[in-house]
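**Q** Top to bottom, those sequences are chains R and P. Anchor point for the first sequence: position 162 equals 162 in the numbering used here, and the numbering is continuous, going up by one each time. Anchor point for the second sequence: position 254 equals 254 in the numbering used here, and the numbering is continuous, going up by one each time.
Please keep in mind that the hints were generated in silico from the structure rather than gathered at the bench. Be aware that a few hints might be false.
No distinction is drawn between identical chains; accordingly, a pair holds when it is met within one copy or between any pair of copies.
What the hints assert, rightly or not - Below are the BS3-like pairs computed for lysine-lysine, each with C-alpha atoms no more than 25 Å apart in a straight line:
| no. | residue 1 | residue 2 |
| --- | --- | --- |
| 1 | 103 | 258 |
| 2 | 103 | 179 |
| 3 | 103 | 182 |
| 4 | 12 | 284 |
| 5 | 182 | 156 |
| 6 | 156 | 170 |
| 7 | 284 | 76 |
| 8 | 156 | 103 |
| 9 | 156 | 110 |
| 10 | 170 | 12 |
| 11 | 179 | 156 |
| 12 | 179 | 79 |
| 13 | 259 | 103 |
There are 2 protein chains.
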Amino acid sequence: MIIDRLFESVEKKGNVCVGLDTDLEYLPVEFRNKFMHDEHALYRFNQMIIDATYDIAACYKVQIAYYEALGLNGLKVYKDTLTYIKSKGCLAIADIKRGDIAKTAQMYAKAHFEGDFESDFITVNPYMGMDSIEPYLPYVKNNEKGLFSLVRTSNKGAEDIEYIENKENKKVYDIVGEKLLKIGSEFMGECGYSSVGGVVGCTHIDEGLKMRKDLGKMFFLIPGYGAQGGAANDVAIYLKNGNGGVVNASRSILLAYKKVENGGSHFEQCARAEAIKMRDAIRKAANK
Amino acid sequence: MIIDRLFESVEKKGNVCVGLDTDLEYLPVEFRNKFMHDEHALYRFNQMIIDATYDIAACYKVQIAYYEALGLNGLKVYKDTLTYIKSKGCLAIADIKRGDIAKTAQMYAKAHFEGDFESDFITVNPYMGMDSIEPYLPYVKNNEKGLFSLVRTSNKGAEDIEYIENKENKKVYDIVGEKLLKIGSEFMGECGYSSVGGVVGCTHIDEGLKMRKDLGKMFFLIPGYGAQGGAANDVAIYLKNGNGGVVNASRSILLAYKKVENGGSHFEQCARAEAIKMRDAIRKAANK
Chain R
1 MIIDRLFESV EKKGNVCVGL DTDLEYLPVE FRNKFMHDEH ALYRFNQMII
51 DATYDIAACY KVQIAYYEAL GLNGLKVYKD TLTYIKSKGC LAIADIKRGD
101 IAKTAQMYAK AHFEGDFESD FITVNPYMGM DSIEPYLPYV KNNEKGLFSL
151 VRTSNKGAED IEYIENKENK KVYDIVGEKL LKIGSEFMGE CGYSSVGGVV
201 GCTHIDEGLK MRKDLGKMFF LIPGYGAQGG AANDVAIYLK NGNGGVVNAS
251 RSILLAYKKV ENGGSHFEQC ARAEAIKMRD AIRKAANK
Chain P
1 MIIDRLFESV EKKGNVCVGL DTDLEYLPVE FRNKFMHDEH ALYRFNQMII
51 DATYDIAACY KVQIAYYEAL GLNGLKVYKD TLTYIKSKGC LAIADIKRGD
101 IAKTAQMYAK AHFEGDFESD FITVNPYMGM DSIEPYLPYV KNNEKGLFSL
151 VRTSNKGAED IEYIENKENK KVYDIVGEKL LKIGSEFMGE CGYSSVGGVV
201 GCTHIDEGLK MRKDLGKMFF LIPGYGAQGG AANDVAIYLK NGNGGVVNAS
251 RSILLAYKKV ENGGSHFEQC ARAEAIKMRD AIRKAANK
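Please build the complete structure, drawing on both the sequences and the hints.
**A** Have a look at this one:
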């Protein structure tokens, strides 16, 4: 099961998931100007971030939207970035949040678990129901692939749907969590977690404690560290013995160079320092 | 407002939305074998379907998953297909069901309302809440673009989330519909519908009648005609005076040739005949 590889990676390297949500605007100007084509600059930037962090990052999350926005050339960089992550022996989470059913979902599975855009994990959106999750499961079972489904997010709009409460006082996200746990029970790794994981944002402490308890066997992808406001103590609630989750940070790592004088000339080292700081803060908060 | 263009197209050509969910396996073998590269066959197939239907199709829905599954070459066909639809003066709905927030959603908006993958409408997924819809609205306002958000689908799994009922007996899909209606009220076309539309599958008659009444100003994208089981009488419930919605059919049109002897040699004419049959059946059922 792929989740064992992620679990081991966290044991060895810590909980940091480096988010390659790389906007061209994030590149230091002097660096970007060295390239004839922006796409080459983008790829080289990603490569240098990966080279500088692969020994301290549990995994990478690549947000496809940033590459789609650059059209076909951008998607070539997306593909090459995934390939590069793999070449370093690291795990990639494709943040694509797909949510569709039947043959369409099978096509997405083929698209992101094979071929040009192959990754280890993908994120999915459960709105249409569990038959929007099931088409990916043959890959989880047979091809060492994994999922992170949206469960509960920490954006303001999460109230609109995820927090709707039914007559038994269960929230939509509780119900989604339960259903995913049930599906995931067939894809358990030796580490005690399922290859069907959940995306869980940091909110209140009590909600976090309950969620970690209710979803004991679910591995969490926790977004929003740093730039989006999460802090080490907040995310530690979602971990167990310092494992059971990875914590994504994108901007705070990619743009760490902006807080350093002349940081642009060694942006990758600034990123590394920031990722180490984050890793250590989470380890400390989790008493690991 | 873009919705006026779609409304007028329905007035003129009927309610059929031709779904270009084109799987390579759908191509007649003898046709596919004529091409050196599968991607060329795929694009030529789409072109011929469009050429044979553009005067009787309200619009086209292109399901990106089928193209993603072929990697970068497939996405080139996706891009070219959208461009070809536009060159014929027709409207394209990009069925991408994106659902993300903040800057990521802005990137998706850029990706699908500008540049390589520009389309007229996109489908979106509301799970994360209305702040996963809002980033697209500047394009609706300023660039003649439109949205179709998932509201209620007709797959079995729809029960899992969309049908969860809160303490006031409102279902998740009711709440989503209301919220979309509110957002959409700022983007009303002269035709009486909003450029923020909804994806609504055919279920029971009473549900359909209630939905058409509750969401009077919402234009519907209705999937699932033909191969997925919907019929003219079922979809007519979701229309008003024969307008207010487009009805998507993919396989029943693309594969119409399979029901005709030697149909593969003139698959595009079989598709046209099937689309006309569907158009007329819906018109009749809607008393148009």
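**Q** Take the hints in turn and mark each one as holding or not.
**A** Hints and how they fare:
no. : hint         : result
1   : 103 with 258 : between (45 Å within a copy, 19 Å between copies)
2   : 103 with 179 : within (22 Å within a copy, 30 Å between copies)
3   : 103 with 182 : within (23 Å within a copy, 33 Å between copies)
4   : 12 with 284  : within (15 Å within a copy, 67 Å between copies)
5   : 182 with 156 : between (28 Å within a copy, 17 Å between copies)
6   : 156 with 170 : both (19 Å within a copy, 21 Å between copies)
7   : 284 with 76  : neither (39 Å within a copy, 48 Å between copies)
8   : 156 with 103 : between (33 Å within a copy, 14 Å between copies)
9   : 156 with 110 : between (33 Å within a copy, 23 Å between copies)
10  : 170 with 12  : neither (37 Å within a copy, 48 Å between copies)
11  : 179 with 156 : both (24 Å within a copy, 14 Å between copies)
12  : 179 with 79  : neither (32 Å within a copy, 37 Å between copies)
13  : 259 with 103 : between (47 Å within a copy, 21 Å between copies)
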